[in-house]
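Same order as they appear, the protein sequences are chains A and C.
If you read the first sequence in the working numbering, its first letter stands for residue 1, the second for the next number, and so on.
If you read the second sequence in the working numbering, its first letter stands for residue 366, the second for the next number, and so on.
The reader is advised that the hints may include incorrect statements.
[Stated by the list, open to error] Result set (SDA-like, lysine to any residue): computed pairs, CA atoms no more than 25 Å apart in a straight line:
1) A:Lys-165 to A:Thr-145
2) A:Lys-315 to C:His-536
3) A:Lys-315 to C:Pro-428
4) A:Lys-315 to C:Ala-426
5) A:Lys-315 to C:Ala-484
6) A:Lys-315 to C:His-526
7) A:Lys-315 to C:Gly-430
8) A:Lys-360 to A:Gln-173
[Unchecked claim] Some chain A residues close to chain C (C-beta under 8 Å, calculated; not the full set):
9) Ser-8
10) Ser-11
11) Leu-24
12) Ile-31
Keep in mind the hints are simulated off the structure, nothing from the lab.
C-beta atoms are modelled at their ideal positions from N, C-alpha and C, and glycine is treated no differently.
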Amino acid sequence: MNQIRRISPVSDADAARMVRGDALADLAGQIVATPVPEQSGRPAARAGGGSRRPGSSRGRRWRLVVPVAGVAAAAIIATGVIVLHGSSGPAKPTVGASHPDAVPSFGPAGTAAQLVDYATRSAAARPPFNPRPHDWVYTDVLQATSSAGGGGYLAGPPNGRAEQKTWVRVDYQKYAYIEGGKLVIKPSDAPVSTKTGQAVLPVPFGWPSASYAYLNSLPTNPAQLTAVIRHNLTTQPNPIGTEGTGNLGVFNAVQTLMQNVVLPPRLLAALYGVLASDPGVHFERSVTDLDGRTGVGFSTVQESYLKEQIVVNPKTYAYMGYVDVAVRAHTSTALDGTAHFHKGQVLGWQAMLASGIVAKPGQLP
Amino acid sequence: MRYPHPGGPAGSDERRRRFEEVYAANCAPILGYALRRTDNPDDAADVIAETFLTAWRRLDAVPPGDQARLWLYGVARRVLANHRRGERRRIAAADRLRAQLAARYQPPEYTGELADIAAAFRSLPEPDRELLALVGWEGLDHGQVAAVLGCSRNAVRIRLHRARRRFADAHASRQAMPSPAPVHITHGDFA
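If we strip away everything but chain A, and leave its shape as in the complex, we get:
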């Protein structure tokens, strides 16, 4: 097949370089100005009646968002980042258009591709996610516990629940929690930088940083993001696992980030895209989180026994938590002891009940 590749007349990127963005935009503009034959299942007339053809709104100005000349523009085009914007304003999702804080939803996702598509579009319809250093990240996490104890996993049945509401300042210098019904605010107990004298933001395994500046700088194209994750894994290896920089390493890095950081929606959607593009990751149509909520999800089986499931809200596309289950009996031998897991045993169960950015501790999103 390498021989066939060698005689490819032109690559997509080179093809894109041959045409200017205005020609592509011109073609798109003319296409959407053509009448659409009426199809069954679609409304015959737009809201408000009238005979205006779809796509014929006058005064709509098309432009390329990335009007960069030369090679850079071609590269962007080749990766599909050309976006045509009109003057008619943003899309109007079915939910949330009238409520500024509601999450735009495109309906329940029934497939991995739909989840990625809907989450991406929902994120695009939301305002930029740029928390300020003195904003606070709020999380309300419900964690399963076991009367048999645990240690990285549940040693027995998940018969306990522990809920924790936490506020962590974006610059990580303070954190807050509720104790005895009162809000307690404390300085961060994280290691202090010798240069700045301030607490250093912890870094999730496999990632060089968890700052929002870094997270917002990551590509939202799943293929590009996967490449970044793989690169990160070569420089920021997960010291716990031995999954390396392959697909399993990518899955674990993605899961680690979702579990530990309230993520910008656009990045979260891109991470779903990373998972969806992995043939070893399966889309789960129905997963129940610890709070009894039904979601969709992504799963993979590690070490032939451990099914790790990421739970996703099927309508808001938010991260809802995880469920780890032994899909076959397994004996885990480690330096700190030997554990026997039976088939079906829940080894970890967590629900993210709420999360968001607020102005001060004690506030809810």
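Use these hints to put chain C onto chain A, whose structure you have.
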């Protein structure tokens, strides 16, 4: 198959926005697909225009995400086949694109070893060429090729195995021949 239109009742803005997304994500791959299969830039421009016109008119049938690209490859393939049968439609909307491609696209000429490979490739039946090209040029896996061609993944696997064998045979026989003249890969008959 009809895919539900995300967002419920489709207003014209929503419909346009969905098309914009499909177009933005796929114009470069479809442009490349068309150019790789015809050395006539006019044809390539018309194929692109007709492919996306089809997508605009049948937007409800365009699957979400990356599946849209495969769906568009399938449409482009049928449009190219129509061109080959002489059913070419000149699309006025593609005039600017046509002019730019005509000015800038020059099909490559292969010499030496690559000429052998190109000649062997051209000697194959069209279905074999399309299979090999979808894998080698578009970089599709078996499942994706199956989606483009509308057959099963297993059928792709078997057909691809045979196409590769025929290509290897053709290439081996070419190598035994005297050095050929420079070879174009497409000549507009690939659809």
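Now the hints, each set against the structure:
| no. | hint | in the structure |
| --- | --- | --- |
| 1 | A:Lys-165 to A:Thr-145 | 16 Å, holds |
| 2 | A:Lys-315 to C:His-536 | 53 Å, violated |
| 3 | A:Lys-315 to C:Pro-428 | 19 Å, holds |
| 4 | A:Lys-315 to C:Ala-426 | 22 Å, holds |
| 5 | A:Lys-315 to C:Ala-484 | 53 Å, violated |
| 6 | A:Lys-315 to C:His-526 | 43 Å, violated |
| 7 | A:Lys-315 to C:Gly-430 | 17 Å, holds |
| 8 | A:Lys-360 to A:Gln-173 | 13 Å, holds |
| 9 | Ser-8 | 5 Å, holds |
| 10 | Ser-11 | 6 Å, holds |
| 11 | Leu-24 | 5 Å, holds |
| 12 | Ile-31 | 5 Å, holds |
Violated hints, listed in ascending order, are 2, 5 and 6; each of the other numbered hints is respected by the structure.
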